[in-house]
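Asks: What follows is the residue order along each chain.
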Amino acid sequence: MRLAGRLGGAALSLVMVAVLGFFLFRVVPGDPVVSMTRGRPTTAATQEALRAQFGLDRPVHEQFWSYFTGLLRGELGTSFTFRRPVADVILERLGPTLLLVGTSTLIAVGLGLWLGVRAAWRRNSALDRVTTGVSLTLWAVPTFWLGMLLMMVTGDLFPSRGMRDTDTPPDFLSQALDVGHHLVLPSVTLVAVVCAEYALVMRSSLLEELHAPYLTTARAKGLRDDVVRRRHAVPNAVLPAITLVFLRVGLVVSGAITTETVFSWPGLGLLFYDALTGPDYFLLQGLLVVTAGAVVVMNLLADLLHGVLDPRVKVV
Amino acid sequence: MSAGLQLNNLTVHYGHKRVVDDVTLAVAPGQTLGLAGESGSGKSTVAMSVLRLLPGTARVDGEVLLDGEDVRTMSWGRLRAVRWASASIVFQGAMHSLNPVRRVGEQIAEPMRLHGTEGSVAALLEQVELPRDKARAYPHELSGGQKQRVMIAMALACRPRLVIADEPTTALDVIVQAQVLAVLTRLVAEQDLGLLMISHDLSVLAATCDELAVMHQGRLVERGRARQVVADPRHPHTAALTAAFPVIGDPAHRWAEPAVPAEPLLRVRDLTVDYGRTRAVDGVDLEVGRGEIVALVGQSGSGKTTLARAIMGLRRPSSGRVIFDGAEVPRSGRALKAFRRQVQLVLQDPASALNPRHTVFDAVAEGLRVHGLRGDEEALVTAAVERAELRPANLYLEALPHELSGGQQQRVVIAGALVLGPRLLVADEPVASLDASVRGEVVALLLRLRRELGLASLLITHDLGLAWQIADRVAVMHQGKIVEQGSVEQVLLTPSHDYTRALVRAVPALGPGV
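Residue numbers (UniProt numbering), protein chains in the order written: chain A, 1 to 316; chain B, 1 to 514.
I should point out that these hints are in silico values taken from the structure, not numbers from a laboratory. Glycine included, each C-beta is placed from N, C-alpha and C at the ideal position. Incorrect hints may appear among the rest.
Reference listing, derived: stretches of chain A covered by chain B, where coverage requires no fewer than 3 residues with Cβ under 8 Å from a Cβ of chain B [what the hints assert, rightly or not]:
{"hint": "1", "stretch": "187 to 195"}
{"hint": "2", "stretch": "218 to 229"}
{"hint": "3", "stretch": "306 to 313"}
Whole structure, please, built from the sequences with the hints as guidance.
Replies: Encoded structure:
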């Protein structure tokens, strides 16, 4: 029952996102055809032809219907700037983003949670002060500034633009190494920002558990301090952090906009940036649906996982 | 080298604050010692010092000898080996002493694996009279009494020679408390263990321990055979503690004046409340007269709180009527709000009932503001606060809850009810979370309010002693039904229903001949 409820809620959110995505870009000012043809001499007839091509001359409800049924078939319309189906463009950019976000999330989760646990367990120790101080700083610093700083500091050590060089040999190993090399700076930037948040949340969550009576029980049993932490304190304290991690992963798909733009990483973030500067309405609409969908799905996953980790929450 | 626990001149400081002051006591295997005291008396600090569980900020002086070895000077490795194997603790497990995300079987088995003890979880559960499949349960799936049995099974897992029980039955119902105490004392006697039992409740200690020690402000003020200490307390503090646990049937503990039959203020007729498919209140008839104090007693889960909520209009009944002062209680709107002004609620735990950031003045004045009562707010609040015996009021009005004692906080809650000039007080366990010495004062306050203001009370409690102390009539609730009601003497001294008899029997007896 509960599971059905959760799934239904998620499905409803997705529909709302789709509807919102359509109307949001209908109410923003600006004529898409004008911006599409900006800087080029056009006649009224060409503009009309373009309108017809993108279906902009039809009544709004008809446009919505074809948009919505298209969505159900996995079609997101045609991009003005790329002159290709939006779904194809997004799909093509999904890989690089997943690579970047996946790598940095794995590192950030491991490092952030570990640091948070250590810092809370030895509150006011040197490690705690350093972790908290550095985390707060990284969290406060603008991402683009951090990225550019990294570029300047590392100099020529790592490539700072794109995902691969054009002159790399086509065999798999060389290609993989090249991508890995390019991945260093953007993922370090993303890890720094996300990891700081995880560390702070994990720290405060564990601090709240620190005086829980069941930890006294565990100590009284004769358990070593690190066993008390690992086996009793962390499984309880990690629960709020889990929700945040998943929510963040959903957001990071779009939240990597600054990082990808600074390092010209050819992922969804950069695509978002390009679509905004266009502006490319169908592309923006598609990106909105995909990234908002990612948040909804991740949130659902967090709920389900929470139910597995916390026996008090019954999901199924 | 003597077996068991020996504390010599134990003194514990937090900073400059001395919380345990020169305590010397011993518990040998086979002996049972009760350590009594109010919150803040240092009794739990004594318990924690035995396994060196006090926080690093505590300074411990004196000797803590466990089987002849000083716990204070042990290496960490030795200390870990001694913990749970030589002495174990039954914490107040009904609350939060079990890890909520691990199965209880794992938690019982954990120290056995650690200390290499033979045995099975199933056998341990059997000892505490729990079915063996409960090993797979998580703590939240167990009742308070079952959790406490798990704590006892866990404490006995490594066959220690000494068990320390720290408030093992606080927050449990009388009947469950009696069962848990029976299991604990049986096992301690069977296995010839030493037992150090800590409680604020002298009657619990007197029922389970041979010897009794009383702590007050960190010091041991009295020590002796349990029955003797209770029957003939030497120290005034012990006397105050015994007085706080009224003996049912003892006229000296009956504070209520003989009731004059009064016309009914509140009438409940055939009231039924359902939660989904569960019938929480089942066809209840109940009356409270003007200026009458009626005690509604029963175990948790018996439906007494639901009944109170339905009476106050907080929960819509499925059927039946609630008649207040001759008129049916409105179910919604402005009329319901006006009705609520006349019926005020006093909750069990004043610390959580009060907003920690509101001053006493704000807390008391809130009701006035909610009901849009105009007039001299300050005068009304001051009068209510003084009625609740916080005198002079101006000393308290600007205080925040954490600056007040538990008894004072409960007076603030009562003042917040009084300021609206109610005619009926619904008090849900009003003294259960209070210390023995202030409990009596709050009980006396309720009686004085009745005498001076003609204020009627519906007292919801599982404490039969409290009912004996101040109630005119008692209604016994069991599984949603009122199974017996009548005058206090009639119900408590000559109970006619089986359930009432079980309730009365489960109350731990204080001293001999009662």
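Asks: Quick check: the stretch 187 to 195 of chain A, covered by chain B? Criterion 3+ residues, Cβ under 8 Å.
Replies: Coverage by chain B is violated here, the residue count being 0 at a Cβ distance below 8 Å.
Asks: For the stretch 306 to 313 of chain A, do three or more residues have a beta carbon lying closer than 8 Å to a beta carbon of chain B?
Replies: holds (count 4)
Asks: Are three or more residues of the stretch 218 to 229 of chain A within 8 Å, CB to CB, of chain B?
Replies: holds (count 7)
Checked against the numbered hints listed earlier, the structure breaks hint 1 alone; every other hint is satisfied.
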